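Enquirer: Please build the complete structure, drawing on both the sequences and the hints.
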Amino acid sequence: MSIIIKPIITEKITKESEVFNRFGFVVDRKANKIQIKNAIEAAYGVTVVNVNTMNVRPDRTTKYTKSGLISGKTNAFKKAIVQVQEGETIDFYNNI
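Residue 8 in UniProt numbering sits at position 8 of the sequence shown, and the numbers go up by one each step.
You can take every hint at face value.
DSBU-like mimics (lysine-lysine), calculated; alpha carbons at most 30 Å apart, straight line: (1) 63 to 79; (2) 33 to 79; (3) 33 to 6; (4) 33 to 78; (5) 15 to 73; (6) 63 to 12; (7) 78 to 63; (8) 79 to 37.
I should point out that these hints are in silico values taken from the structure, not numbers from a laboratory. The structure displayed is predicted, hence computed values, not measured ones.
Expert: See the structure below:
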């Protein structure tokens, strides 16, 4: 089971990483905080201080088009905000 799916790179998360050493990841929906902590430490070689998780609900939308009413939704996922130890960082832009 792959716990880390992908990192989240947005303006808000980037600002959090610069100021508070917090990084965001999309993780497996069945993973708990201990599994997420161990996976981040093994993958990036950093010491994790704190893990916050949240389940993001799917967004539903309805569009009125020429062919009629079209409804759809986005996928639900689990997001983890990981705080690493002071002085350590995770670099997403270099392939090591």
